[in-house]
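Undergrad: Taken in order, these protein sequences are the chains called A and B.
Residues 8 to 1000, numbered by our numbering, are exactly what the first sequence covers, in order.
Residues 13 to 193, numbered by our numbering, are exactly what the second sequence covers, in order.
It should be emphasised that the hints constitute simulated quantities derived from the structure, not laboratory data.
You can take every hint at face value.
So the derived list for chain B, only partly shown, Cβ under 7 Å to chain A, looks like this:
| hint | residue |
| --- | --- |
| 1 | D165 |
| 2 | R166 |
| 3 | G168 |
| 4 | I170 |
| 5 | L174 |
| 6 | V176 |
| 7 | L190 |
| 8 | W191 |
| 9 | L192 |
| 10 | N193 |
With a straight-line cut-off of 25 Å between C-alpha atoms, the simulated DSS-like cross-links for lysine-lysine are:
| hint | chain 1 | residue 1 | chain 2 | residue 2 |
| --- | --- | --- | --- | --- |
| 11 | A | K919 | A | K941 |
| 12 | B | K157 | B | K92 |
| 13 | B | K96 | A | K874 |
| 14 | B | K157 | A | K730 |
| 15 | A | K730 | A | K962 |
| 16 | B | K108 | A | K874 |
| 17 | A | K941 | A | K763 |
| 18 | B | K157 | A | K874 |
| 19 | B | K92 | A | K874 |
| 20 | A | K1000 | B | K157 |
| 21 | A | K730 | B | K177 |
Bear in mind the structure is a predicted one, so any value in this text is a computation, not a measurement.
Glycine included, each C-beta is placed from N, C-alpha and C at the ideal position.
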Amino acid sequence: MSSMSSNTPDSEDGYVDITHLIQRCVTESLSCSHPFTPLVPPCSLPVIAGSEKIINAEKDGGDTALMIQGSSPPTTSADHADDGLHNIEGDKSAPSLTPIDMREAMTALEIGDERMDCCEIPIIASEKMASSPSPSQRTIPPRIAPLHLSDGTMSPFQSSSSDMSDLKPTRPSSKDSTSSTNVPLHLQSSPCPSLLPYWETLSIVSSSSSHQILPLLLLQLTFLEAYIGTNNGGSNAAETLYCMLWCHDGVLADMRDKLSTNAQTSPLDEVTVAQWILFASSIGIVRIAEAVRWAVVNADIYEEEDFGVAMHGADDTGNDNGDNDEQSLSQLPSSLPSTMRFCPLLKRERAKGSETMSSIPTYQADEYIDEVWDTALKHLFEYASSREVTDGNEHDIIRALEIILRLQKSFYHSICKLSELNDQNVTDFTEEAKKKSRETVTLLNELNTSSATASHKLVETDGTLRSVGDERLDSLLHASFDPFVNRRLLGNAPVRKARFCNTFKVIDSLTRVVSEIEWAVCDVILEGNTLGRIMRMLENNSSRGIGGAFPTTAKPKTDDDSEAPFGNSGLAIENPVGINVLSRSLMLLNLYFDDKLLGQYDFPDMIGQHMQQLCAVPEALLQSAFPGCGHSWLVRLAKPMYDTLKALCFDQHRERTFTETFIFPAFASLQLAATGVDESFRLEHGLDSQTTASYASNYVIVQTIRLMERHIGIGIRIGLYPKWYDLSTAYWYRDFLLSALLNIRGSIEQERFERKAMELRIKLEEEEEEKKRLNAVGKKQISKKGKKKGKKKEANAETVREAAIEAAARVSAEDFEDRLEYTYLTVRRHLCRGIVRYIAALRQAGLLSEPPPSITMFTSHQTRFEKRFDSFAILPQPQPLSFEDYERGSDFSAVRREDLVQSAGDCFRSCKGVIERLLQVVVAEAVEDIDITKKRRNDDLYISVRRDEAIALTKVCVANSLFLHKLSMTPSKVNEVSLEFTAHKEYCTLNLK
Amino acid sequence: MDTIDEVSDVNIPAIEGIDFVDYVNEEQLEDVMQLVQKDLSEPYSVYTYRYFLHRWPHLAILAVPSDSDNKRPIGCVVCKIDVKGDGDNETTDAAKVYTGYIGMLAVETKYRRSGIGTALALRAIQRMQQMGCQSIQLETEVTNKGAMRLYEDRLGFIREELLVKYYLNWNNAYRLRLWLN
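Kindly produce the complete structure, drawing on both the sequences and the hints.
TA: In structure tokens form, the structure reads like this:
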């Protein structure tokens, strides 16, 4: 490439070098990325000529340093010598600098943009700022943000003219503090001093001299929801995490001081009920946040980046739980990030209560946090009983506080139990987790109806925290839960601004998160007992996670019609993309552990059973001693099959990518291996290749096609096929795959039936022979002894055959589930075929505009088709379909339009008929006493299709049939055709207008 | 891979009153930044612009009104080329995969609907094609209907992937790709 020259700005031309700033910024951000390490002042770097201006600008609190024009980033790294930044290499006036990493420099500079400062560090209350509130100086870039808020920052709700001196500190500032004097609370030993001006005057009910605690607890729930909530799905994690881990750090540190330093003088008496509650809630939120993070980070779900340890900066490996009396309490504050550093007294008392230290279980931290919750609740009960509360409002407040603490406890334990499963406790712990999650849901429901909760509106419609009108309370709330307090700790990563929901939305969202733990995790672990069932359960969960068959209504339900959860910020609830990040993580965490599937089942054995169940694979193949066959083959299958289960735990868009990247290549090589296994099996048993089914190959191909079909289905769901000509290819390919799957499974089923009948017939015939033989022996004996009266009627061959067929036709519960799945495949094939033909009919009628020629300017339709299904090309079977195949298969030019309409209509009618039969066997939840080999309830965990899904598909059939009728009757009155996915997310209706 | 000297904008219809010029130096940087910042939700730092503009100046094209005295651009496209296999010494030039990337495309509001965006994109695509790219990709917000129409209906991009909450404003994005013959 040719090089281009540009004018190189230098300091003499009014430009300055900002390299030293970048260095400083990087140094600072690196130190800040480890929030649990003691804060160190930024490195003092040598002042470089021309840079004083910038430093002065920084000191002035403005971001004028970021307005430097024409300054070029340094390119001292050899790696970047050819980065096109050659224009500054020739700048001989530039001082020699220590090489820095360009990426760090880039990151450092990214925050230079005001909009990049997404967390909006509050303005500095300096005199200069107050006198010249230039819009460009409204925010302070994080890199020059104060080391802690005590440097003079103020609440965003206070105007620059507000007097911070109103906030009278309730605790003295640290003696050696160098911070400004308007700091209400500055705890010396706190790693991140927090502003909490009314800590000492908190109370259960609000009065002129005290401040109510309930809003604080509700706000903590709001942060928790933002951290893990369904609609946020962890996207807030980076920002809210620090709110979780650091909010009320002052509270925690203060309680730690009280509980440790004053341990000899009844410290617990010094703590008020409200303080106990806030302490318990704060510590609870921290523990829940840590538990969630642990699950996500360890689950390997490709979404852990926001939850990463590096991001948190915490040393999670510190074994503080095992700390004993020998450890100096003075060491705790600086070394331990976990809960227990804040309540050493409780820990010590707990230890005293134990006979020996070794008797403390490994999860004793859970017990200590329980101790905190229980103590807070005990104080709350004592408070309630001592006051003989008669005021209904106060009673509601007390109950709401109790509920919040209880639900925190239950929620925390449901997560912890599922994080601690092993093959010994898997059932007990999972049942316990299920019980806890139900308990949490019940408490959340009660909180939702509490009048005490209703009176607090903490969040604006745009998702920002709301001013409650009381300046003092606002200051308290926003100082206590200051979302900016840790902005600098996030380093220079561009972080999206945290969004919060209103209280009822928070409760609703948390309810869904907790409910998911039950149905998306516990039920699978407890009830998934075969591979086929586990697959179906995970598929159902994936579908349920995105809201089921129906698209979510455009306007989400809110507690207040005038108030959308995120207002008009464009963040209205959209169709969810999967189950919550917490449940996904817990499910993946427990999918395979202790060398067992779900910690309970030998995976190769389970695959073998699935092969027999699904593809009638003979036992002999699974027990073959041939190299690569038998158990080795099952072990070979384990990883790809595990990946297929794993993919089902992801969000659907991620599942699609994962399938393309990892699973299809794995199945491509698996197909080749399966061919070898089949060949070995035939050789081993001297079987004819023409008449013996390829059992192993069949199984792998069935799984492959299932994956391919799902891959296209998800593509349709997430909108990758926007136009009719795109959808036509997708449905056409899907029709082919479904047909192939039905053919293979149909032939397998037929073969299984015949084989079973034959085996039974042989068995019955043998039994008959045995009977005859025994009879003959008996007759001989009788003839010797004398004839016996009467003669038993012999069963003839026909009776034996009929009995065998009847016995072979008998289905097990799992057979019935497979048949239901097979029927559902038929429904989908009818729909795909019908839609393809309907599109062809519309096209033939000239009602669909042809693809614009411009789209083939750089590419061809063939290339578009090939690239759309490119991920299938790697698979040997089924052979990828070509564009020519598509053109031939979808060319109905020789068919009259009436016939085409008739044919499409037939598809929809057939589909509707099958669905009606499905609805007869999938009955309502209330129906009792059903034969599970003939019918299933709608809430059955093992079925592949539910009534709402079936009804949605019926609507697609009916709508398309009606429009087809309209097309056949009055095509001239049709002006417009619109593609709609309002009845079902995967199957469109083509509406004629 | 072809060099910039060998590429040219051929067979792309001109737009009356609009000149298409290449990015030359940092004097144009501010204008480009202003154009892009106004329209795109994602905040880019000056370094992001420099990353594109300094490394691939020939893939940054500006639309300037012919009658403008100050030659201030009213539209721009900023692109780059990624090379797969570039770091592998054993990969031959023929085995390298070149993928174009449209990083930013913006046209001032009052100049829209006159084909300037399409013309800018066409020029950039053609250059990237001439330089050996097999495909061109980009991301766009799902809510940006205008951009989706331009890329899908006029240029033939296909949706490759849904990127949930891809942007800092929480919007989803589609990754679009144009496969070049």
